[in-house]
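For reference, the chains in residue letters:
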Amino acid sequence: MDTLRKKSLISFSGGFLLLIIVSLVHLTQGQAGYSVQQLFTEVWIEGRVQDIVLGMRLPRLAIGIIAGGALAVAGGILQTLTHNPLASASTLGINAGAFFAVVVSMVFFPTALGQYSFIVAVIGAVFATLLVLSLAGRELNPVRVALTGMIISLLFSSITGALQLLYENETSGLFLWGSGTLVQLNWSGVKFAFPLVFIALVTSIMSGKALDTFSLGEELATSLGQSVVKVKLIAWTLSIILSAITVSVVGAIGFIGLMAPHIVRLIGIKGHRKLLSHSFLWGSVLLISADVIARFIQPTQEIPVGAMTALIGGPWLMYLAYRTAKTQKRGDRSLGGTKKPISLRWLVPVIISLIIGAMYISFSYNGTTWTPVSQWTSMIIWNFRIPRVLITFIIGAMLAISGVLLQGVLRNPLADSSILGITSMSGAGAMIFLVILPSIPVTWMPIGAMLGAIIAMLIIFLTSWKTGFQPILLALIGISVSAFGSAIIQILVVKSRLVVAAALVWLSGSTYAKGWNDLYLASILFILLVPVAIYFTRHLNTLAFGDEIATSHGLNVSHTRAWSLIIGVVLSASAVSIVGTIGFIGLLAPHIARRLVGYFHFPLMIVSMMLGGLLLSLADFIGRVIIAPKEIPSGLVVALIGAPYLLYLLRKIK
Amino acid sequence: MKKLIAILCIFMLALGLVACSQPTDTANGTKGGSEVAEAITIAGVLGDVELEGPAQRVVALEWTYAENLLAVGVQPIGVTDIQNYNNWVQIEEKFDDNVVDVGTRQEPSLEKIAELQPDLIIAIKFRHEAIKSQLESIAPTVFFDPYPTDENFNQYDEMESTFREIAKAVGKSSEAEQVLAELEDTYVEAKAAIDSASLTTKDVILTQAFSANQAPQIRLFTPNALASVILEKIGLNNVHTSEVLEIYGFSTVNVEALTIYEEANYLYVVQDNDNIYENQLKDNKVWNGLEFVKENRTFPLGGDAWLFGGPLSAKVVVDRIVNILVTN
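Residue numbers (the numbering used here), protein chains in the order written: chain A, 1 to 654; chain B, 1 to 328.
Isolated chain A (complex conformation):
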């Protein structure tokens, strides 16, 4: 007990000292350019310096301390609640849900937002939480929860992205807020947040003993006389309120809730009363430091502090995931699929006729006029419509195959190139080309995308080679890579305002303006890669029985995993480099296929491929005609169509 007290003292005094130091540095930062000496002498007298310090810099500092602390406490509670070291408001999708609600109300009810942003954010946060909880299953397996949260975030952010594109002017100020900013103009934010956070903090600390009991396990806690339901209810309420407050005053800031409690645990603090109060302190230290660094890097312009925390937090999550995965049992989850597969003899002709039908309509209709077949060779249709429709089909097929491979390797029904971080790192690579090297022609951007994907793949390779590509580890590392990539994208997007319009369209994935040259490239990649993928289907079948059985059948498990992974990644990176970051197809197509033809990989791959092409063609068609001559990027249409199905799917998978 004595060492605990000592550790506690070190943690508390150390954290406090750090907080004071970073706070002082924080106060000297600002665009008015006062020297430290000037600040120190003039702040006591009434006047300009005092106004600025009291009216702008102090509120910013205060809101940072409050928000950082609130996020950390929310994270700490959520981690206990879900028995999951990877839980936090951002990894569970709660922040994304709250932010989504704010964007929706900003677009449709702009006047209401001013007064009720907190309530709007609470509604969004509750909605997201309920979604994650109802979809993640009863046992709250850490990985499953993290994956579900990630997918919910993905879902919300694609809808948010669609709204931002369609209502560009109404949401112009949202970029900064989207990734979190501490900018404050007066004390109103602090006045609003402080009492709520204070009450929530005190309640949390008071519930510390109950949380200690709860963390022993629900059965044991019940037998010790605890009302588990009550504890759960209170704890969820507290963490949701804390997250919603921060989103409504400073935007969606991630990773503080993940890092702060972990630092405190690393120091060796035990017991929830101490854990939560120390987390508050360290959360404040982290957020203020991030803000100091962000303003140090770019003094004349606001870099969102949330992007800064994600930049540090991504690798941190990677490390945490690595540790968590080592203690986990190997998850041998079957991918599911129907037990009564439909014969390909029937299915293939049906799907092919559907594809032909879709192609016929796509070739003929542009949203206003219908073109008969005889006119298809006319310049407009032949040059602009036909190559675009065909390339859309091929890309859809490639993404679907990549999904089948990745899911087969990971034995995880939710795996997809977006979950492995390949998509977001490709996006980041492309953005770096776009922003840092503006003199390079736009046509070179795909090379940046490829480089990004390769880096993502290397990280995944290096971290999971030794463990034989353990499915769980792979998925979690992927999530962290993805967070890191998105942070880079966010910072670059803020740094380069006008290019954003171009970047946003490209990043949400667009089959716009693809011509014959792109089609040749896509066809070559398709013809080279797909036969290899089909060759691996045999091994994937064996792999599905589990590592031990597969090895006893004479299969080189690591080898098979590595190669399938490489082909899967190259397929999706090729797709990204041609049309940008289109997600969901790799998830949707294989799932629908599994319900039709079962889990044998050969028929699965053939049917997925055709369905993937069909789905993306339909999305492209809808995006092209619905508000013609304007277009909705097909990546967003896929997300909007895919969302309901994905939700249904998440519920179904046991």
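All the given hints hold, so there is nothing to weed out.
In the DSSO-like style, the derived pairs of lysine-lysine whose C-alpha atoms are separated by at most 30 Å in a straight line are:
(1) A:Lys191 <-> B:Lys294
(2) B:Lys285 <-> A:Lys191
(3) A:Lys7 <-> A:Lys209
Since the hints were derived computationally from the structure, they do not count as laboratory data.
Add chain B to chain A, keeping to what the hints say.
Just chain B now, kept in the frame of chain A:
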């Protein structure tokens, strides 16, 4: 199983064939029967464009270039996002009803453009460079670039030269010179009016503001900006400079940064539905303590004063500035 592989092979082969077969009638060429006219060369940033004669059917993919066409009395046949254009750009000349909307500025509809059978497309580099080959397959396409990463670049000169090139392309060079001459006259008159108005100071800063997370974000225009050069031309003096090169012509700051410039006059553009001065800053101590606020030297130019446009938008901006500075 084998059958399936066979089916698959055929399928892929078919795809390959489709991909490799080129149509015979891609190159439509120029329309026949063109009268003998003098050839025109327009200088664009991605290469010069040759026209056999003045362009009759022009599609403008960026608002400024559509505005330039209107300025010399030419109606484009296609323009991007006309609805939003009307929200943001206010000049006297309007589009005819038969001008076709060809989609968003970022992703204009290639099919729509091709349907119009234009003889010239005017595009902006940072948006449309990626679709250069597709645009060129429809019609000769000229690209302009108002935002290069060049330190010595002058946005105003670019505006004038682009205007001249566009006018030349439609055979209206003399009209263009007239518009520019009138604009110079406007500057001279404005300068005279401002000189005689006995302002306390001719130092100004020009801003455009919006809110992010309830907090005001202020775009403070730098001397390389088009709008800033206009200020200089009418005898005002933009006092804001930036250490780093702002290629779009503004730094984004918050209220704190304004304290450096409180002696100057404050010219601002703000949208009515996001008026930070009436909402967020109304009771703000720092804002209210600024000299130009205390002395009522803040001057609104209206939300639809387009600071990134051509000569006609420039004229609107100048008229608004004179109007508000001199009447006050």
